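There are 2 protein chains.
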Amino acid sequence: MSANNIEAMITNSLLVDNNPFNSTEELKNWIVQRNGEVKVEIEKIPFADMKGWYVGLDGSLHHDSGRFFSIQGIDVQTDYGSVNSWRQPIIIQPEVGYLGILTKEINGILYFLMQAKIEPGNINCVQISPTLQATKSNYSRVHAGKSPNYLDYFINAKPENIVLDQLQSEQGGRFLRKRNRNIIIKVDVDVDILPDYRWMTLGQIKELMLSDNLVNMDTRTVLSGLKISDYVSPIDSLSGMSDFGRNMFLSSTTNHSFKSIIDQLSWLTNLKALYDLHITKCDINSMPGWKNTDLEIAREDGNYFKVIGVSVTISNREIASWCQPLVQPMQEGLCAFIVKKIDGIYHFLVQAKLECGNFDVFELAPTVQCLTGAVGNQAHEKPDFYDYILNARKDQLILDTMQSEEGGRFYQEQNRNLLVEADENFPLNLPPRFTWMTLNQIYEFMRFNNYLNIQARSLISAISYK
Amino acid sequence: MSANNIEAMITNSLLVDNNPFNSTEELKNWIVQRNGEVKVEIEKIPFADMKGWYVGLDGSLHHDSGRFFSIQGIDVQTDYGSVNSWRQPIIIQPEVGYLGILTKEINGILYFLMQAKIEPGNINCVQISPTLQATKSNYSRVHAGKSPNYLDYFINAKPENIVLDQLQSEQGGRFLRKRNRNIIIKVDVDVDILPDYRWMTLGQIKELMLSDNLVNMDTRTVLSGLKISDYVSPIDSLSGMSDFGRNMFLSSTTNHSFKSIIDQLSWLTNLKALYDLHITKCDINSMPGWKNTDLEIAREDGNYFKVIGVSVTISNREIASWCQPLVQPMQEGLCAFIVKKIDGIYHFLVQAKLECGNFDVFELAPTVQCLTGAVGNQAHEKPDFYDYILNARKDQLILDTMQSEEGGRFYQEQNRNLLVEADENFPLNLPPRFTWMTLNQIYEFMRFNNYLNIQARSLISAISYK
Chain A
787 MSANNIEAMI
797 TNSLLVDNNP
807 FNSTEELKNW
817 IVQRNGEVKV
827 EIEKIPFADM
837 KGWYVGLDGS
847 LHHDSGRFFS
857 IQGIDVQTDY
867 GSVNSWRQPI
877 IIQPEVGYLG
887 ILTKEINGIL
897 YFLMQAKIEP
907 GNINCVQISP
917 TLQATKSNYS
927 RVHAGKSPNY
937 LDYFINAKPE
947 NIVLDQLQSE
957 QGGRFLRKRN
967 RNIIIKVDVD
977 VDILPDYRWM
987 TLGQIKELML
997 SDNLVNMDTR
1007 TVLSGLKISD
1017 YVSPIDSLSG
1027 MSDFGRNMFL
1037 SSTTNHSFKS
1047 IIDQLSWLTN
1057 LKALYDLHIT
1067 KCDINSMPGW
1077 KNTDLEIARE
1087 DGNYFKVIGV
1097 SVTISNREIA
1107 SWCQPLVQPM
1117 QEGLCAFIVK
1127 KIDGIYHFLV
1137 QAKLECGNFD
1147 VFELAPTVQC
1157 LTGAVGNQAH
1167 EKPDFYDYIL
1177 NARKDQLILD
1187 TMQSEEGGRF
1197 YQEQNRNLLV
1207 EADENFPLNL
1217 PPRFTWMTLN
1227 QIYEFMRFNN
1237 YLNIQARSLI
1247 SAISYK
Chain B
787 MSANNIEAMI
797 TNSLLVDNNP
807 FNSTEELKNW
817 IVQRNGEVKV
827 EIEKIPFADM
837 KGWYVGLDGS
847 LHHDSGRFFS
857 IQGIDVQTDY
867 GSVNSWRQPI
877 IIQPEVGYLG
887 ILTKEINGIL
897 YFLMQAKIEP
907 GNINCVQISP
917 TLQATKSNYS
927 RVHAGKSPNY
937 LDYFINAKPE
947 NIVLDQLQSE
957 QGGRFLRKRN
967 RNIIIKVDVD
977 VDILPDYRWM
987 TLGQIKELML
997 SDNLVNMDTR
1007 TVLSGLKISD
1017 YVSPIDSLSG
1027 MSDFGRNMFL
1037 SSTTNHSFKS
1047 IIDQLSWLTN
1057 LKALYDLHIT
1067 KCDINSMPGW
1077 KNTDLEIARE
1087 DGNYFKVIGV
1097 SVTISNREIA
1107 SWCQPLVQPM
1117 QEGLCAFIVK
1127 KIDGIYHFLV
1137 QAKLECGNFD
1147 VFELAPTVQC
1157 LTGAVGNQAH
1167 EKPDFYDYIL
1177 NARKDQLILD
1187 TMQSEEGGRF
1197 YQEQNRNLLV
1207 EADENFPLNL
1217 PPRFTWMTLN
1227 QIYEFMRFNN
1237 YLNIQARSLI
1247 SAISYK
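Residue numbers (our numbering), protein chains in the order written: chain A, 787 to 1252; chain B, 787 to 1252.
It is worth saying that the hints were derived from the structure and are not from the lab. It should be emphasised that the depicted structure is a prediction, and the values quoted were computed from it without experimental measurement. Hints should not be assumed to be uniformly reliable.
The list makes no distinction among identical chains, and a pair is therefore deemed to hold if it is satisfied within one copy or across any two copies.
To be verified - Simulated crosslink set (DSS-like; lysine-lysine; CA at most 25 Å straight-line):
#	residue 1	residue 2
1	K890	K1045
2	K1127	K1058
3	K1126	K1168
4	K1013	K1045
5	K992	K837
6	K1058	K944
7	K944	K1045
8	K1058	K922
9	K1180	K1045
10	K1067	K1252
11	K922	K1180
12	K1013	K837
13	K825	K1180
14	K1067	K932
15	K1013	K1127
16	K825	K814
17	K944	K1013
18	K1126	K814
Required output: the full structure, derived from the provided sequences and hints.
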């Protein structure tokens, strides 16, 4: 990124309150209005009736084009944890898609071009999404539809247009090694603003994240990679920040940390070396504990998630309808980071979590990440720090919102996102799979792809500096 | 790593000339002597006669334990390059092994405990190897043999003992997603020196690397991760360095680079997003272009490599014999970096190379990495910069040695390792798959696992500062 004062633009975008294009209130109303104008009908239909899709001999679900995505069975073998072997359905989508935000400087403020996007699985059908969400199938026109809006800006971006460009993972429990290209570009040319798009400041998007299910997962993951402190000059900007914001700024600039980066890398290397994760494909019809009917692939015990087939009809300015499988969660989820000041610096309590679809065995996850309904009542059945999170006092809650998973694959899936400040007497010593990291260390890992999982990134993106 | 002046120890180990335990001459003689004492007999035998191994129905080769390693067929599909589909045998060894060097400070100098190790495929049967080379099968005793020497030091290492601890890849054309734990520990306790081990300084090991095939690949990969400039205080040490050493030091400390790290990441993200690499297993008996006889799995055109079965007998103080498959190259290899001063700073001409066994599609490779015999005479058949490397004048050659691949898997495989200084008029603009990186950027990528391929790391490890 060439430096024609990108620092000031981004700082202003984060901290300056007024947006001459749309106030935050107007943006909220816009989403409410768009939700009112749109009618989404989801009808559960037999897999065999999904137009454009076929059911494989083994029960797997595939798009007729052979691309897009499929639902297949995997056999998981690992020497980690108490359950060393299981089978489950998983979403297979090997192509790297674009999650792209186009930005432009207008009068010294960087504006982000955001879309009010309808996805069939969204709880509130319209959510704020990146400028561009495109699978390789999309942009190579497997659907034979028109090219996604604004795609050309991304395809033609030059190095000097790139603000951020990282490969990041999706849910390791639901996707097999899925990654997206998280990209922010800055253009200097005129940009046509299409009806479903609005210019927003970074501060506005972060404020909208404080509402439940308003900013979609794709937006959150792209923005999570933007290390704010790279763009802030302490002299002119810290005064516009809240106390908490200044403390987060400090945590993301300091080299003063409880563990060195060499220690953190060694800790993770050790876990990756100690434990194996072997994934092979299996028949979806031969997964113990799962039943496969015409209508759904679901657990016999009703846990975790199920796969359903739906017919989607979206009535808007025009009518669109199609069929596709969706993954429906059976419980609500919880994603929570504990943060604690150590020697005056905020540290995040980070977990190394093995999930079957992870690209590299372990990824860095929030302190607690689980489905709440699946947690037993006995102490040994609960994830570490689970009770601490759920029993946190109100004054410990820095953030507490419900946030959605991607509505193009998941049916009304939401997770409670929590940032909890630890008490002073919270222990510094942690179980082996946990570590304390400064925000600076988290960003250093994030930069090098696939280290922070999507749940962790969602929480990082919500950090407010105002 | 706690800092009880590790800087000075490592600098001294790199630059101080005398080693009271063994001079460099004595170490060379020691290897010659060990080579004289050892007799290695390699007999090519039919696969079916390999004791402890079995041939699968599809022609694949497996250890009876089901662990260790196997030779299997893979089907490769990619939309990168001119050949988009092929099948080949590959070594499958999914476990992460240890490549570990134990170090200890003695009188202010850090000494590395190195082993004279015999491997069946070595050109000169004894090479200098890390303190510990152990697969997970080794140290979990699948062989029911005794525990590897010095293993306990590594297993019990505490964070304060860790100097370096990284997961790094092996040859992506020969291994399927193989990685090793490259680890250097520093201990303070007394260490028993077993007969085949010697204390060496870092400077001595680097000097021994100037001889052909003396320092094995495992040593080179472990040492490649040690960023010398992290341990050098300019005030007291630069004077002991050569001009070239000082220039390399500058390249590994400066933030002044031709491309920013954000540009480098975006360049690599773009390549990984653009191109797919799909690997599935296939019958080794159904690989077009390969023939599978009782004695070997080889290309019909005699190119690339073949798999052979051998009976190994090593007569030494005691006699050991076993059978195993080995991979035998059909041509000599060439691994060469071009370096060029840009604005006074050495930059390496780095290639992003797709190899079928890569963990993450592309890895960073030397400017030229190829089998020389397989290169055609027409300009379009030659890898970029191939002619430039081979036509380099003597005064451009910073390094020119033959170095071996790992003799436990490869039969007498060696690559010519070259560091070539570019002429002043060498172009700064590069083809899309190439970039200029400072040594500082190379080390930043190296730290985060799997970015630099093993051929690139071998060359980086050979950089001499004296």
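Exercise for the section: Enumerate the violated hints, using their earlier numbering and listing them in ascending order. Expected result: Numbers 2, 5, 9, 10, 11, 12, 13, 14, 18, in rising order.
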